[in-house]
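Just need the whole structure built from these sequences, with the hints factored in.
Sequences listed follow chains A and B, in order.
Taken in order, the first sequence gives residues 3 to 163; the numbers are from my numbering.
Taken in order, the second sequence gives residues 35 to 634; the numbers are from my numbering.
Some clues are possibly wrong.
[To be verified] Calculated cross-link-like contacts (lysine-lysine; reagent style DSSO-like; alpha-carbon spacing at most 27 Å): (1) B:Lys594 <-> A:Lys161; (2) B:Lys148 <-> B:Lys382; (3) B:Lys105 <-> A:Lys149; (4) B:Lys297 <-> A:Lys29; (5) B:Lys297 <-> A:Lys157; (6) B:Lys148 <-> A:Lys157; (7) A:Lys17 <-> A:Lys83; (8) B:Lys61 <-> B:Lys148.
To be clear, the hints were calculated from the coordinates, so they are not data collected in a lab.
Here are the chains, one letter per residue:
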Amino acid sequence: MTALLEDVKEKDKYKRLHDVIDAYKDKPGALIPVMNEAQEIFGYLPFEVQKEISEGLNVPLTKVYGIATFYSRFTLHPAGKYRIGVCLGTACYVKGSSLILDKIKEKLGIDVNETTPDGKFSIDSTRCLGCCGLAPVMMINNDVYGKLSPDDVDKILEKYK
Amino acid sequence: MPFYRSHVLICGGTGCTSNNSDAVAEKFKEELKKHGLEEEIQIVRTGCFGLCELGPVVIVYPEGVFYNKIKPEYVPDLVEEHLLKGRIVKKYVYGETIEEGGKFLPLEETKFFKNQLRIALRNCGVINPEDIEEYIAMDGYKALGKVLTEMTPQDVIDIVKKSGLRGRGGAGFPTGLKWQFTHDAKGTQKYVVCNADEGDPGAFMDRSILEGDPHSVIEAMAIAAYAVGANYGYIYVRAEYPMAVKRLTIAIGQARQYGLLGKNIFGSGFDFDVEIRLGAGAFVCGEETALMNSVMGLRGEPRPRPPFPANSGVWDSPTLLNNVETYANIPPIILNGPEWFSSIGTEKSKGTKVFALGGKINNTGLVEIPMGTTLREIIYDIGGGIPNGKEFKAVQTGGPSGGCITRENLDTPIDYDSLINIGTIMGSGGMIVMDEDNCMVDIAKFFLEFTVDESCGKCPPCRIGMKRMLEILNKITSGNGEEEDIERLEELGNFIKSAALCGLGQTAPNPVLSTLKYFRDEYEAHIKDKKCPAGVCQALIQYYVDSEKCHGCARPLCVKNCPTGAISGVPKSPYSINQEICTKCGACMESCPFNAIYKK
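Quick look at the structure:
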């Protein structure tokens, strides 16, 4: 039953992808907007999705892959259920955000751009979230945690376990 | 139109939203309803107000009372006391606005605001950015109307030239000249582009303008398009700024609905429309040729100039590219005249500049000051000085492309040219304050890690040279530096500056060269004495127990928390740390209740 449900969900995602491709098809410079939307839909850009985009927009697959690896926002691997983004912008850095990042890495046993084996957490290092007043800052999905100290990390991660 | 006796302005900028200002606004709505005040008092969700440190910020007019750090649970009290009974709730009011004797100072007269002059930020924190009528009420689209009905394109360009406005993205190129070049370029199809790819970590003024006053950018782009002969525009904005994208999208929709974008605007026969293009996270896309490649759906790699975008830009057509803050200055210049604008600022830098104050400073946030204001005024008057009584060390401006300003240069008037003279740049306006606890070698390394990461890889000086510089810095901070390393850094840095293809590479060595100039002694301490004076570089510090302060606890937290068992001793006498086993994690220092552990 769950397998069937997954299958339906997956098909629905591809349908949405094709709608996006159709909408952008004849616009000049459509590749990046389409890839942005594809990443919204799938959460990442697996090879199959890149291939669909390449065929749908009639651009070489190498070009799609080139763009997917050039821009830091695109990812080829699925992210965790909870995406932790520790801001490493200048304001946060001078206030010690690298210590926060170290603590999280140690706690979860993974590095930046990796996902825990249970698929629950992944870590991104982010450049400036634009709320320097709260430095040092981290985000877990859409929740912002500011004015952190390494001691706060345990308590915050506990909420998501 | 309903008449409200009071307005409650609640900041909806990114800083305050992260601090839960949405819940505060909801609570206000709920409480106003409870007291039946919703017809009398209007809640306005504004853009960023500037004092992010004090968020969430709530301002109540007509009194102009500035409440700060408001939590949802304070709201019932505020509504009942202030809005119902008319009594200001002092305990939530920002301290700077209360004079001795309990008198209230209007917000505009506090130190934070008194020295500011808000032109680009004129509407931020004042109007609801999601309502075009509020923008129109603040003279919005009046400049566009004037331009389209009373002026020729050349008139407009002349005004911008005469105003002395220079590009606010960092390089400071005269805006009027850029407009003239694009105007003069041959081509039937031209474009205007807005650079909102604010990549400099620590700068967020463009974001605040887009979130707080998106129409000012749209209006200015339409004016620019008329002046240079374009009829289509692209706003290239970072996908990391979802709120800015949302408000821009709303603003563009409303402008179309009001006939301020589209065909035959103001019945003048002039057509103009804009489209948003999302950046996908590449710092180099702030460089103009890279940005245009990205707009066209390519990898954001720069190309050599000439041809300049004014002649060959997006889709090989003449293209005008300006930064968000530059555009935001245009409507007031048209309305108030170039003489008004050029009367502000210094001889060669006119008008104002927005800075994002961050790092070790009391009032973090956005400030807009006339050019020529000194750094001392910014840091000590507007910024409120350094927290925790620490010593000021330096200010970093211009982000990864800039350099440091030290105490000796605190009285330099801030403008494009004087900043270049002291070895840094205006940049997009990030201003990060550092105190005695920051290691300048570590800061230089931080910026280099950033540029190495963001280098697009097209030209070897940047791709290989910056990597080598970073390796040398890593060597120094890990205690393996050699005396020749300083010379190597200088030689390599100057070489990269002259040989790299684009602005990113040409400026990337600046953080190193500038810290070498002003903080050479710190580099030397790392290399010769193998010491980090600020106690930041892990490999060069050691932890010690202060035997005077150590209580010799019976159940010592330091021993318990040490992951390697490096701390030993017997209760009632001071413990000691075995440097051979210590991994310098600092867990002992954090856990000691008596602050008896220090690092050196």
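These are the hints, each one checked on the structure:
no., hint, result
1, B:Lys594 <-> A:Lys161, "25 Å, holds"
2, B:Lys148 <-> B:Lys382, "24 Å, holds"
3, B:Lys105 <-> A:Lys149, "16 Å, holds"
4, B:Lys297 <-> A:Lys29, "20 Å, holds"
5, B:Lys297 <-> A:Lys157, "56 Å, violated"
6, B:Lys148 <-> A:Lys157, "41 Å, violated"
7, A:Lys17 <-> A:Lys83, "23 Å, holds"
8, B:Lys61 <-> B:Lys148, "32 Å, violated"
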